[in-house]
Amino acid sequence: MSTETPSQVSGSGKSQSHRAWRDFKAHRLALAGFIIVAFVTLVGVLTLVDDTLLDSAIITTLYYSPTEPIFIPLEGPSAAHPFGTDSLGRDVLARTIYGAKVSIQVALTAVLVAAALGSPLGVIAGYAGGRIETVLMRIVDVLLGFPALVLAIGLVAALGFSLTNVIIALGIVYVPQFARIARSAALSVSSEEYVDAAKALGYSKRHIVFREVLPNCLSPLLVQASLLMAFAIIAEASLSFLGLGVQPPTPTWGQMVSSGSGYLTTAPWISVFPGIAIFLTVLGFNLVGDGLRDALDPRESAERRF
Amino acid sequence: MANPVLSVEGLTTEFATEDGSIQAIENVTFDLYPGETLGIVGESGSGKSVTARSIMHLLDANGRVANGSVRLHEHELTHLDGRELSGIRGTEIAMVFQDPMSSLTPVLTVGTQIVETLREHRDISKAAAKERAIELLADVQIPNPDTVIESYPHQLSGGQRQRVLIAIAISCDPDVLIADEPTTALDVTIETQILDLLDELARSREMSVIQITHDLGVIAETTDRVAVMYAGRIVEQGSIEDVFVTPHHPYTAGLLRSIPRIADIEPEILAGNVPAPATRPQGCNFAPRCPHSTDDCLVDDPALEPVTEEEDVCGEEHSTDGSRQRAACIRTDDIGILDPVPDAERADRPPQSADSASVLDGTDIRKEFTSATSFLDSLLPGGDPPTKAVDGVDVEIREGETIGLVGESGSGKTTLGRLLVSLTERTDGTIRFEGSPLTEVPEGELRSRVQFVFQDPNSSLNPRQTIGRILGFAVGKHTPKADRNQRIDELLGEVGLDPDTQYQYPHELSGGQKQRVGIARALAVDPDVIIADEPTSALDVSVQGQILELLEEIKRERGLSMLFISHDLSVIRNIADRVAVMYLGRIVEMGTTASLFENAQHPYTEALISAVPDPDPRVDAERIVLEGEVPDPKHPPDGCNFVTRCPEAMAECREHDPELAENGENRAVACFLHTNAKRSSDGGD
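Heads up: the protein sequence lines correspond to chains A and B, in order. To convert, take the position in the first sequence, counting from 1, and add 590; that gives our numbering. To convert, take the position in the second sequence, counting from 1, and add 30; that gives our numbering.
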């Protein structure tokens, strides 16, 4: 059919390949993000197992212990120590690998806590409306009134410096993010006719909220979760940098950047390598979040379908 | 005959999808002559809008014209680039879209938008353009054009916005105007106004119009020639009298026979669905649904050939011009002329005895919506008065009957339906279920006895649940666990779906199938009453017939009572035993279907009935065109609510509010032409 009008075919062929390239690029970035996230998570889980169950046996056997100061301090990157050594004579690569453990632990659990608390809160507020909504959302607004990091610092200071408390603090700090998104999603879902149909059939409120409304609010929450994981990693690093998070000798990226800050001119590798790790992980989560948003956006997929 | 202004030949448009390219329209050919109105009619998926967009070069990014030519005067539109095109669009060819809200920019005044269009194409000063804009608004019969020109789109009603769009489209005197479903989003009485306006503009400006719609009645009343599209192809083409009175293509005839008519004719079912572009069959696209198809039909796509007219001796005289009737069917000679009207007379409904028990009834039902949304708003004085969505209505649904509730948008018909099932809390009034007030009926009992069928099948099924799960929840309320699967199978069978449908998700089903699931869900609790809120308005013509038939059958077999809410009088005519007409929150007339349609008493009912476009082009019905639009329900007029638009308004109507009162057997009307009943106390406020 295209033999008669070759010029047009090549013209729109170009726009078609342009679209395909755009899609591919979008997919490729999300894929790259996913690979980074998967890699960091894998490393995090392995180090978690290694640390809690095997007492760092694996990393000590394969490489060096991340906590024992047994090398010459402040040695630059070399074949023996690709990331160099820090001011106490510990291997920076070993510590960076172990830093993934805390970051991943904090990111996953804190966001999970926030999602588990915030999403039902928002969905209930959005579906119920009226006074329930006003009360719930004002509480959320109070939480939102504090700058996230300041609130987290306050909470950790009150609860005490430990990994669990950092997770609890960040979990609480991110509740409003989920509650607000869940509420606006629930508001629009509640006006769908299937919610009316459920009411007309006499389903219980619990059934309507958790079976009909909540599942249809999940896509924006999922996107939010992946983006918040990036924020949680930065927040944990910031808390550690300030000395408010996980206490030494357990290595975390934020703490490493902090401890290297005094040697930035003479031994930049102490701060730079964990800094790069933070940057890449945050970037990875952001790319995954963007990819998810594109993939889950019905308008986008509708366009692709037709 | 003169040369055509617009000549479309062999137009084929394809879209890129994930599964390769699909052809939305194939080999579409037609001519448009100066001053004529050509109708393109078809169901959704037939490619009528794609045809318009291909002509205008307004395809989405993934679509392109693969083949064919579009000639407008001396221009070959398919070869023009963006700049040349935008010069032609507007000045020589213009388009009016379906949704007047999204076609206007919300942040600019109407005047600015018209002035911009004018200055884009014409070299005139701002002041002159503004003057011209006011003239244009007057041309499209907008009252007070010099104030409307300063208003924003959201301040105008739907009908007025459509007029503004038409004003923009005609601002640079195009020769061709393409109107894509211009009245689908509007009420019947407004539709009549807009169609009249288009007709008048076309005549006074000698414009050629392409009118695209799914509504056969609109086509019959407004066009000179028509092209019927099915699954991306034109299947029949010719003058409106030829095609609609003596159709040759089985699809045209099937479609005409399947639509509910206001006349006393039982519609016939046209089974099946329009195939999606990717699943079109080999050979004639209509063959799988065609009652006349043979094996020969499955071989090749039939060409659009002139039909032989036996009686027409001088046939060759007009065989060269485009007005000759053509059909794309290889069996036209064997089949001959088909009858567009089914033979079946409407089966007489067994008269409902007035004393059969009442199932659901309400007295003086009221619902007011306040605009005060917050506590602070309610404290502040002034504020808007509440909207009286339902303003003192009495209804009674008797055992085994179907009540049709008809009205335009804003009449409160949907609110009334929702009040009756307690989906919306009423402000005042009593509703009784089998004689006992709803407040005394346990919620669980009410929910299993009264069910609701929703308007939009795309929104009424949870997209994240399979059909089996959707029905399972509903069935689970009554059926022990062991029998549930069997019950789901039974329900699916009852609504004419395959039992395997239960493993599918809603998005995998067609609109008609989804609506069947919605009906099955309502039936799952074995209700006594079904309230159906416009259950067919989102569906195609042929699917609408199937769903109506299904509802009718289920009602008969289960002995249900039904309240059928619709804006479409032809549908109501076909399904209801009694009809209630609503206007601005009140019932203005009520009666048995036959008597109400034969002898409408209220002027509003009369106007509504006359506004329904008849698909028979030979019927040249006198339409009563109602002036103006439905008043703002926050500020209803003094006296009768209808007084502002009533052609028969008297002095009395402005002072007193008529009450719905008995007038003849089984009839009630709220109009001083017929009764003297006045509404008490709250009357004139």
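Keep in mind that the hints are not guaranteed to be accurate.
Stated by the list, open to error - Computed footprint of chain B on chain A, listed as stretches where at least three residues anywhere in the stretch have a Cβ under 8 angstroms from a Cβ of chain B:
#1 772 to 786
#2 801 to 809
To be verified - A few chain B residues facing chain A, derived, Cβ under 10 angstroms:
#3 Thr-214
#4 Arg-396
#5 Thr-400
As the list claims (entries may be wrong) - Calculated lysine-lysine pairs in the DSS-like style (CA-CA distance at most 25 angstroms, straight line):
#6 B:Lys-507 to A:Lys-789
#7 B:Lys-708 to B:Lys-664
#8 B:Lys-156 to A:Lys-789
#9 A:Lys-795 to B:Lys-708
#10 B:Lys-664 to A:Lys-789
#11 B:Lys-511 to A:Lys-795
#12 B:Lys-664 to B:Lys-585
If you are wondering where the hints come from, they were derived from the structure by calculation, not from laboratory data. Here the structure is a predicted model, which is why all the values come from computation and not from measurement. Positions of the beta carbon are idealized from the N, C-alpha and C atoms, including for glycine.
Results of checking the hints against the structure:
no., hint, in the structure
1, 772 to 786, "holds (count 4)"
2, 801 to 809, "holds (count 4)"
3, Thr-214, "20 angstroms, violated"
4, Arg-396, "21 angstroms, violated"
5, Thr-400, "14 angstroms, violated"
6, B:Lys-507 to A:Lys-789, "13 angstroms, holds"
7, B:Lys-708 to B:Lys-664, "21 angstroms, holds"
8, B:Lys-156 to A:Lys-789, "56 angstroms, violated"
9, A:Lys-795 to B:Lys-708, "44 angstroms, violated"
10, B:Lys-664 to A:Lys-789, "29 angstroms, violated"
11, B:Lys-511 to A:Lys-795, "22 angstroms, holds"
12, B:Lys-664 to B:Lys-585, "38 angstroms, violated"
Against the hints set out earlier in the document, violations occur for numbers 3, 4, 5, 8, 9, 10, 12.
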